[in-house]
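K.L.:
Chains A and B, in that order, give the protein sequences. Taking the numbering used here, I'd label the letters of the first sequence as residues 1 to 904. Taking the numbering used here, I'd label the letters of the second sequence as residues 905 to 1055.
Read the hints as simulated data drawn from the structure, not as lab findings. For every residue, glycine included, the Cβ atom is placed at its ideal position computed from N, Cα and C. There could be a bad hint or two in this list.
As the list claims (entries may be wrong) - So the derived list for chain B, only partly shown, Cβ under 8 Å to chain A, looks like this:
id : residue
1  : 936
2  : 938
3  : 963
4  : 991
5  : 994
6  : 997
7  : 998
8  : 1011
9  : 1014
10 : 1017
11 : 1018
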Amino acid sequence: MEPSLARYIWTHTKKQQLWILMIVLLSMIPYFMSFDLPKLIVNGPIQGRGFEQPGATQAFMRLHYNLPFIGEVQFFSGFQLDRKETLLALSLVFLLLVVINGLFKFYINTYKGRLGERMLRRIRFDLVDRVLRFPPIYFKRVKSAEVATMVKDEVEPLGGFIGDAFLQPVLLGGQALTAMLFIMVQNVWLGMIALVIVAIQIVLIPRMRRRLIVLGRERQLTARALSGRVGEIVDGIGAVHVHDTSNYERADIAARLGLIFKIRFDLYQWKFMVKFLNNFLAQITPFLFYMIGGYLVIGGRLDVGQLVAVIGAYKDLPGPMKELIDWDQDRQDVQVKYHQVVEQFTADDLIAPRIGALTIDDPEPMTGPLSAIGLSIADDGGAMLLDHISLQVKPGETVALVSTATGGAEALAEAFARLNWPDSGRVASGADDLLELPEAVTGRRMSYASSEVFLFQASLRDNLLYGLKHAPLTSVSYDDASADQHLWNIHEARRSGNSELDIHSDWINYASAGATGPHDLFEAVRRVLDAVVLSRDILDLGLRSSADLTRHTELAKRIVELRAALRTRLEEEGLSGLVVPFEPGAYNKEATIGQNLLFGAATGFELADRALAANPYFASVLRQAGLDRRLYEMGMEIAEQAIELFADLPPDHQFFQQLAFMSAEEIPTYETLLQRLKNRPYDAVSEPDRAMIVTLSFAYIEPRHRFGLLSDDLMSKIVSARNRFYENLPPELQNAIERYDPAKYIAAGTVMDNVLFGRLGNNHPDAPERIRSIVYDILDELGLYAELLDVGLDFNVGASGRRLTGGQRQKLDVARALLKRPDFLILNRPLSALDQRMQDKVLRNVLEEAKRDGHSPAIVWVVTNPAMAMMFDRVVVFDSGQLVEDGTHETLLAGNGIFKELLS
Amino acid sequence: MLLKDEVGMLQRVPLFSGIELTKLKLLAFTSDRVNYSAGQTLFRQGDEGDAAYVILSGRADILVDSDTGPIKVAELVPNSIVGEIAILCNSSRTATVRAASPLEALRIPKDHFVRLMKEFPEMTIEILRVLANRLSLTTADLIDARSANNE
């Protein structure tokens, strides 16, 4: 990027800058005309000059010029208008000029704004583009939050400045110069005075502002460091709490804020000091004019008219001068910011653009061996991680890298993945230097997974397929409105030097996963997930989440079949008691009273949780069914029991988890409520109090809570209230509830809820486990297993994938590397979070899966346990940055080297 | 069976007989009611002890693994408690318990049991008393057995 902001702006916007300058000059014409017009109106039609005779007329819009050599030429003789008509005509012209001036201003401001925004977009894109091209070492030194704040906040003021970058000095300079010249013409001496003062301003003010620039730079750096620290606190919040260092962090942040405050306050002081000085200098000139000019007048060397004219002209000088100086301040300010940012984004060995260039067609397979030639890598502190290693991995070979604690095998794997650049020697693919190959080759023909997994905050599916998104492979066809929008997007992207690639295109390279399109990609996905033993976890996630019915139509379509299959299976196995199904005409004892009343899933806030009892319509249904009083009494009974049981316990007691009716914090409220209501007749209890009490009864499940509050009569009343509730459901509640229907999928429920369509018996300790495995069986039998896996793949993994366990993240990373079907698969302690047994299992599966369909990729695996090396063609042992042993498992075992030592 | 009946049952368990009624009720409320059909296992020998069970109705067999297969060493009847030793001394199950008929039981999770003991010393003392009684009985048995051997 250009080191100078002015040049950067000029290079990218010179045409626009010249255009806007032209427009501004053009706008001066109506602007100055509108100055002259009031005088014409007042002197002419209003005061009557030229209309002395009644009925006199004047020419309006007469065009005539006095041309040199030719004399007076008349182009148009004009309309003859009388006094009133002239007043009207001139006023209309005035109005017209107002409109024209306004339009000019509107156009100019819009144009400048757009120009600035485009440049801002360009700068930001350029910066992120650079981030994408930095060498790996750069990222060891910067904090992500600092980079983000540079791209987002620090370049922001540039946008506002860019429109004025060249326009302002030209305009204001012109105005100031005109005023100056006028003064000069009137009187050279007074002109000289004005010139000297202006010169002082021009020299002194920028000098004083130097300090402002220094402070501005400090302000920027401290603010950036602050955002870096805040980012660190967020990322490292676990460490903060584990070590009780939150107060240390508070102190650190307070110190930083103090420093920032001091800098900002200094900045204000200087700024206003400069302002004061500037104003003072501007004011002192008239003083000199009055004094010296007056002296000259008294001495007769200057006439009064000239002095008045000079003072008049001088009025036009400070305005533009001040703005010019302000502009200069802005310029320096953004120049500093720009400079600071560019400095941070400058690195010597940026990755060349051609390495990351877009390549649509898939590259040829890598058929040459992957080799390290005299490879040395040092860490940041200068210690040698690898010392002159030479090693060749042939295509199709499986190699285990075994390493002592300081062995350096990880550094080699990173070098193969281009994540660690050689200090000397090189890594080559065939005859080519690996670092010179485009990423289109290494990113598609090689894959890499390590113990440090990075997942994006997106669905499991997006993360898994991320490794296939190399290039936009389809062109999206847009219809009418969106087509225009798309064209506009492309046009604007081009104007700002942004990427024109369409993010909405299908970026997934199906062929590289061994599929032909979206329809059969799933098979490949399922195989790699099975290989890393992640399918079951994803199925569990699927069961627990609610399916997106626009995507998973099959589930909804076959829900009746599914439910029936579950019932049949449970009956066959004699497990019918495990699940009590929802039946529209029956009370479900294993569900709460609230669920039995509603018999549906609340989809809005109106009928959810605590709002239910207070809902007027619901309360009226209860009243009609004769349940209001019954449930109130039941609620009172529950409140009494709950308080008797729990009132003595401290609020954080774990027993409160068993108390479904109220939270620990609500106990005192209910205690006082109970005392107040105890002997009060039902009719005297207020509506809100009733709702408070009735709500307790909604959470009651007889087999779980065993208070003995449910009778057959009550159950049948609840079922009839349920029917009544749906019969007259008012329109505003239609969308607040989804009624349970044995033939319909419940969109608001989880997949498990939908298949069960009932409640698990509370008294069967192993019911959830057994049901889950039965449900998987049934889904598999009905061919819906894939659909469920797909629902699970919708799961959002959270920031950095933190909603998954460490082991799941690592498995996902390996699956992602496998899915690409690479020629070289580099795995760097990829499963360190798993126990040894699981690591062995995944290792075996991965070796098998990688070779499916006659593929034979080379696999380089840095193993966590030397015993795992047994599964590989070749074993290479590293110790202290040296390659110490290299051979088959048998030969190394037969020898007496480090490998054998490591094994024992 | 309702909560108050369960409390009545618990009262008849010697371990809990000296404990205040409200505490027993809390224990019953926070415990899970579990049903087993005949032949289902409550827990297996060698499993980690995570809960004690109070039999409410039905019968269960206590089985110990041997070289010739499981041997039935005792039978559980309503009002008896089983599995409390493992949760008190963090050991694994010393025997398998299997329902011999449809069985209703109260499952008291280990955390709850321990928590109650911490909070209500009178309960702990009661449990200590019962355990000490058992120990002296076992010691007496041992002495009898030794002297029988010596004769």
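K.L.:
Does residue 1018(B) pass the interface hint, meaning its C-beta sits closer than 8 Å to a C-beta of chain A?
P.N.:
Not OK, violated: residue 1018(B) not within 8 Å of chain A, min 11 Å.
K.L.:
Interface hint check: residue 1014(B), Cβ to nearest Cβ on chain A, cutoff 8 Å. Holds or violated?
P.N.:
violated (12 Å)
K.L.:
Mind checking the CB of residue 994(B) against every CB in chain A and telling me if the closest is under 8 Å?
P.N.:
Result: violated, 18 Å to nearest chain A Cβ.
K.L.:
Holds or violated: the hint that residue 1017(B) contacts chain A, with Cβ atoms closer than 8 Å.
P.N.:
Violated. Min distance 12 Å.
K.L.:
Restraint: residue 998(B) near chain A, CB-CB cut 8 Å. Satisfied or not?
P.N.:
Interface hint status for residue 998(B): violated (20 Å vs cutoff 8 Å).
K.L.:
Would you settle whether the hint for residue 938(B) is holds or violated, based on the nearest Cβ-Cβ distance to chain A being less than 8 Å?
P.N.:
This hint holds: residue 938(B) lies near chain A, its Cβ roughly 5 Å from the closest one there, short of 8 Å.
K.L.:
At a threshold of 8 Å, is the proposed contact between residue 991(B) and chain A supported by beta-carbon distances?
P.N.:
violated (15 Å)
K.L.:
Does residue 1011(B) pass the interface check with chain A, least Cβ-Cβ distance below 8 Å?
P.N.:
holds (7 Å)
K.L.:
Can you verify the interface hint for residue 963(B): is its Cβ closer than 8 Å to any Cβ in chain A?
P.N.:
Check failed: Cβ of residue 963(B) comes no nearer than 18 Å to chain A, outside 8 Å.
K.L.:
Do the numbers back the hint for residue 936(B), that is, is its least Cβ distance to chain A under 8 Å?
P.N.:
This hint holds: residue 936(B) lies near chain A, its Cβ roughly 7 Å from the closest one there, short of 8 Å.
K.L.:
Quick check on residue 997(B) please, does its C-beta sit within 8 Å of some C-beta on chain A?
P.N.:
violated (15 Å)
Checked against the numbered hints given earlier, the structure breaks hints 3, 4, 5, 6, 7, 9, 10 and 11 and satisfies all the rest.
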